[in-house]
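Chains as they are written, first to last, in my numbering: chain A, 1 to 483; chain B, 1 to 488.
Be aware that a few hints might be false.
As the list claims (entries may be wrong) - Pairs of lysine to any residue, SDA-like flavour, derived with a Cα cap of 25 angstroms: (1) A:82 / B:365; (2) A:215 / B:341; (3) B:236 / A:279; (4) B:378 / B:341; (5) A:82 / B:377; (6) A:264 / B:371; (7) B:236 / A:27; (8) A:82 / B:238; (9) B:459 / A:279; (10) B:94 / A:76; (11) B:378 / A:311; (12) B:257 / B:17; (13) A:19 / B:275; (14) B:381 / A:260; (15) B:236 / A:143; (16) A:57 / B:235; (17) A:264 / B:372; (18) B:357 / A:88; (19) B:236 / A:20; (20) B:378 / B:236; (21) B:236 / A:56; (22) A:264 / B:341; (23) B:459 / B:391; (24) B:378 / A:291; (25) B:378 / A:269; (26) B:236 / A:284; (27) A:132 / B:331; (28) A:342 / A:297; (29) A:82 / B:373; (30) A:82 / B:332; (31) B:378 / A:280; (32) A:338 / A:311.
What the hints assert, rightly or not - Pair by pair, the computed Cβ-Cβ distance ranges are: (33) B:49 / A:289: 32 to 42 angstroms; (34) B:85 / A:286: 40 to 50 angstroms; (35) B:247 / A:279: 24 to 34 angstroms; (36) A:360 / B:377: 46 to 56 angstroms; (37) A:260 / B:420: 51 to 61 angstroms; (38) A:252 / B:420: 46 to 56 angstroms; (39) A:286 / B:358: 43 to 53 angstroms.
Since the hints were derived computationally from the structure, they do not count as laboratory data. This one's a predicted model, so the numbers in the text were calculated from it and none came from an experiment. Beta carbons are placed, not taken as given, at the ideal position from N, Cα and C, and that holds for glycine.
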Amino acid sequence: MTTYEPVIGLEIHAELQTKSKMFCGCSAAYSEAPAANTLICPVCTALPGAMPVVNQKAVEQAILVGLALNCTINPMNQFARKNYFYPDLPKGYQISQYDLPVASNGWLNILAGTDPQRIRVRRAHLEEDTAKLFHHDRHTLVDYNRAGVPLLEIVSEPDMHTVEAALDYATRIRAILRYLGVNSGDMEKGVLRFEANVSVRPTGSSELLTRTEIKNLNSFRALTRATAFEIQRQTQIYQSGAEVVQETLGWNDLKEMTISQRSKEEAHDYRYFPEPDLPPLEINRAWVEQIKSELPELPEMREQRLIMQFGLTVNEARLLTSDKALADYYEKTVSLSKSPVKTISNWITGEFLRYVNDMGLDLEHLPFPPEHLAQLVDLVTAKAINDNTAKEVLAGMFKTGQSPETIVKANNLGQISDQDALELVVAQVLNDNPKEVASYLAGKQTVFQWMMGQVARLTRGKADPQVARKLLLQALEKARISK
Amino acid sequence: MQPHTLSIREAHELLTTKQISSVELTTAVLDHIHKTDPLINAFVTIADELALEQARLADQRLRQSEDITPLTGIPFAVKDCISTRGLRTTCSSKILENYIPPYNATVIDRLSTAGAVLIGKQNMDEFGMGSSCENSAFFDTHNPWDLERVPGGSSGGSAAAVAANMGLFALGEDTGGSIRMPAGFCNVTGLKTTYGRVSRYGLIALVSSFDSIGPMARSAYDCAAVLQSIAGQDLKDATSLPDPIPDYLKMLDKPVKGLRLGIPKEYFQAGMEAGVESSIREAIQKFEELGMEIREVSLPHTTYGLPVYYLVLFAEASANLARFDGTRFGLSVAEGAENVIDQYLQTRREGFGPEVKRRIMLGAYVLSAGYYDAYYLKAQKVRTLLRQDFEAAFEQCDALVAPTCPTTAFKLGEKTDDPLTMYLSDIYVVATNPAGVPSLCVPCGFSNNMPVGMQLIGKHLSEDVLLQIGHAYQSATDWHLKRPAVSK
Chain A
1 MTTYEPVIGL EIHAELQTKS KMFCGCSAAY SEAPAANTLI CPVCTALPGA MPVVNQKAVE
61 QAILVGLALN CTINPMNQFA RKNYFYPDLP KGYQISQYDL PVASNGWLNI LAGTDPQRIR
121 VRRAHLEEDT AKLFHHDRHT LVDYNRAGVP LLEIVSEPDM HTVEAALDYA TRIRAILRYL
181 GVNSGDMEKG VLRFEANVSV RPTGSSELLT RTEIKNLNSF RALTRATAFE IQRQTQIYQS
241 GAEVVQETLG WNDLKEMTIS QRSKEEAHDY RYFPEPDLPP LEINRAWVEQ IKSELPELPE
301 MREQRLIMQF GLTVNEARLL TSDKALADYY EKTVSLSKSP VKTISNWITG EFLRYVNDMG
361 LDLEHLPFPP EHLAQLVDLV TAKAINDNTA KEVLAGMFKT GQSPETIVKA NNLGQISDQD
421 ALELVVAQVL NDNPKEVASY LAGKQTVFQW MMGQVARLTR GKADPQVARK LLLQALEKAR
481 ISK
Chain B
1 MQPHTLSIRE AHELLTTKQI SSVELTTAVL DHIHKTDPLI NAFVTIADEL ALEQARLADQ
61 RLRQSEDITP LTGIPFAVKD CISTRGLRTT CSSKILENYI PPYNATVIDR LSTAGAVLIG
121 KQNMDEFGMG SSCENSAFFD THNPWDLERV PGGSSGGSAA AVAANMGLFA LGEDTGGSIR
181 MPAGFCNVTG LKTTYGRVSR YGLIALVSSF DSIGPMARSA YDCAAVLQSI AGQDLKDATS
241 LPDPIPDYLK MLDKPVKGLR LGIPKEYFQA GMEAGVESSI REAIQKFEEL GMEIREVSLP
301 HTTYGLPVYY LVLFAEASAN LARFDGTRFG LSVAEGAENV IDQYLQTRRE GFGPEVKRRI
361 MLGAYVLSAG YYDAYYLKAQ KVRTLLRQDF EAAFEQCDAL VAPTCPTTAF KLGEKTDDPL
421 TMYLSDIYVV ATNPAGVPSL CVPCGFSNNM PVGMQLIGKH LSEDVLLQIG HAYQSATDWH
481 LKRPAVSK
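Bound-form chain A, shown alone (with noise of 0.2 angstroms):
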């Protein structure tokens, strides 16, 4: 039977961060609204009359992304209007970039499974997001606060081959995002939507087959379960002989499986032409420049300094600039301690990373700073406290927030590893059990685990092991000799 390999593009709608909605005055922060319908205006509700006006910031976060994706910024640009109706779109059209968006041809590097590949950005453009829609038994009530809000569209070629290689170019746009702080990245309140252009075809050919394009994936989740069923589904239709139909696709989360929307005789004609209100934006050299300037360091820099710099492993590189705020967090733990590097990124990327994502955290918010951080393995490198201190001092941290030497003093937490007080212990041991010291000296080895119990009985777990072994032995070689 023939096998068939998958041919995905996805386009990534991500909100922008300005302070105000693209072609108005009003607040973008939406989410943050106090009731329904409280940031509009005339223009973000398209009353008569009321004309757009470009906001320049989010002319200059669509060039960052162009930059950062290694697009090629088009010196020319032009809005267009997108043509239909929907309750959501108030102005029965959409203003959106057409034939000359911000940025088009680049490139992003991704791993597909372990092997690195490049996958084409067509273009970036910038558009309008809708308004939100509540639907009910009978009606449908209407809430502008979104509409306006700028979007930037990253629309992908069709490069990629796996589910594993779309949800890595997915999962990298949303970390450059994140980098550039033009998009948080926060999926559950939807400012990153997806939608994916599957076909499939006889692996190894290079023709491009019939596809269909999946809507509303608002998920990592939802991109791979949609990615996949689609794949399989289209997989089925060829081999058993029929032929996969153009067409648009809903995905259901529940029922997990696409469903159809619209056939290709159905498909909008959006009858798009020059948006005659705005006058066509130029895009000159030196503001690019100046944009250019100040692109930050990005996750792929980043994860290739520190394989450089501190000798982790690419996988340990990759998770920790997967987030610019953990990226930030473990450099900074890692300046402000005197604990070998290698100890650091296992605290992190073990312990600490287990706290934040089960307690839900956002990495920019944390309860404590990286100082403490950093004093918590030094207290473990200093032998201060044991690794099983350590990992009950942490959950104190994330809990109280407190510094790790106030919780250790706090609950007398510290690790004995004073020998005179050791000595004491170790004494106080041999005299309460002199019938397991004569078996011991009889020649019965195991006595000596059950007496290293009984210091860590006495201590209360605290006592430095190794510190107590020497001077239990010392002093078990003491009785044998005064014997």
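Take the given structure of chain A and dock chain B to it, following the hints.
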């Protein structure tokens, strides 16, 4: 003295010398409107209370002799496509019959700042689509010179009102002759401004790339006074121009001697009413007497003006009118609707008149996949040729002179069954809008007792030159002073 017959210039003199108050002047105008408008039907809304309130404020300014402009205390009205806060703005369409805007168009704010007194809103062809005012969803406006004739369109209510002394000036809006054509039919001076000279913010768009707001008044002088207040960049209109604003009133008295006036030969073709042509020829002679150089020029692509104009109009208008969906404002016909599409269809079916529907359908057609290149794109290319025609002509002259319409005002009902003939009445005025250039309509005589208008067309931002020529002509003639009987 009959205050309602005053020009802006005369009224300003009386107001500033305290011989009349704005309240007296406004009351006189309102009284005259209530007496005369039942014959004319120029007004959709008359705002007596609002007007008197503003007049009292203007009188305060005048009493304190503070912050007085040539328009302080002057009553005016506007075409009903310009948004006025708290005052119904209908575009003479059923779909906006009860729409009250929550905001002012920038021009209204500017006139309010200048102290002008808004007295009402004027009838028009629905959404500006028409040349006779007969496409108003409410009623026909009558030409004050002959009540059986149309006032022209689409700013027909504004032209008829100014001609009948119902308001000292009006703001009209010109998409393809909508100020000049009715100004010519009603013996009014009207200025289509350069595209971008006056903010469109708050103007309910017909064709976003053509629409130009401008004054309609008793003289070029009065037009200059109004333009001074409304011109200039507006940050709310990205297409408004940042160029400095000349002192239009000061420029009026500059001598016109030596200015070169071009006569586009394509505008003097067969089919023009004899009385219209002779009036224009006489006016040209007058310009020669004033020392201007007359020369013939050519605008070779003139015949494409009408198709270019209409193709772009259909396209842009179809999109501009999409927002009228019965969801947020205006008419909403939801009864019996099964879904939102039903609601849209019902609302638009009942809310829009036949000419509007015709143009929306044509617009959707010319923009649709497979036709875009042949119609819209082609029209945009020819638009460039039209613009180049004007640019070439203005290398040889400072302004052009031409009739505004091949005929004088036609009879009500005469052309309503034949949209194509109706479209042809705009043949001389449509080309300026795709080119974006300014044009001033000046009364220049009568043919069969109906007024004849001529238009002066200038290069970009040459309103000062057009007004200067118009003023020189009006200083030497008195056609613009003639008023119909109902204006008394």
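Task: Pairwise hint evaluation, residue 377 of chain B against residue 82 of chain A, where the allowed Cα distance is 25 angstroms at most - done: 16 angstroms, holds
- [ ] Starting from residue 82 of chain A, check that the Cα of residue 238 of chain B is at most 25 angstroms away, please.
- [x] 19 angstroms, holds
Open item on the list: Is 24 to 34 angstroms respected by the C-beta to C-beta distance linking residue 247 of chain B and residue 279 of chain A?
Closed with: 27 angstroms, holds
Open item on the list: With the threshold set at 25 angstroms, check whether the alpha-carbon distance from residue 236 of chain B to residue 56 of chain A stays at or below it.
Closed with: 14 angstroms, holds
TODO: Mind checking the alpha carbons of residue 378 of chain B and residue 311 of chain A for me, to see if they're no more than 25 angstroms apart?
DONE: Between residue 378 of chain B and residue 311 of chain A the Cα gap is close to 63 angstroms, so the pair fails against 25 angstroms, i.e. violated.
TODO: Mind checking the hinted window 32 to 42 angstroms against the Cβ distance between residue 49 of chain B and residue 289 of chain A?
DONE: 59 angstroms, violated
Open item on the list: Would the hint linking residue 19 of chain A and residue 275 of chain B be met if the CA-CA limit is 25 angstroms?
Closed with: 62 angstroms, violated
- [ ] Please work out if residue 236 of chain B and residue 27 of chain A have their alpha carbons no farther apart than 25 angstroms.
- [x] Roughly 16 angstroms between the alpha carbons, so the hint for residue 236 of chain B and residue 27 of chain A holds.
Task: Proposed proximity, residue 372 of chain B with residue 264 of chain A (alpha carbon, max 25 angstroms) - done: 20 angstroms, holds
Task: Restraint check for residue 459 of chain B with residue 391 of chain B, where alpha carbons must lie at most 25 angstroms apart - done: 7 angstroms, holds
- [ ] Please work out if residue 381 of chain B and residue 260 of chain A have their alpha carbons no farther apart than 25 angstroms.
- [x] 40 angstroms, violated
- [ ] Compare the distance between the alpha carbons of residue 236 of chain B and residue 284 of chain A with 25 angstroms, and conclude whether the hinted pair is satisfied.
- [x] Status holds; Cα separation ~23 angstroms.
Against the hints set out earlier in the document, violations occur for numbers 4, 10, 11, 12, 13, 14, 20, 24, 33, 37.
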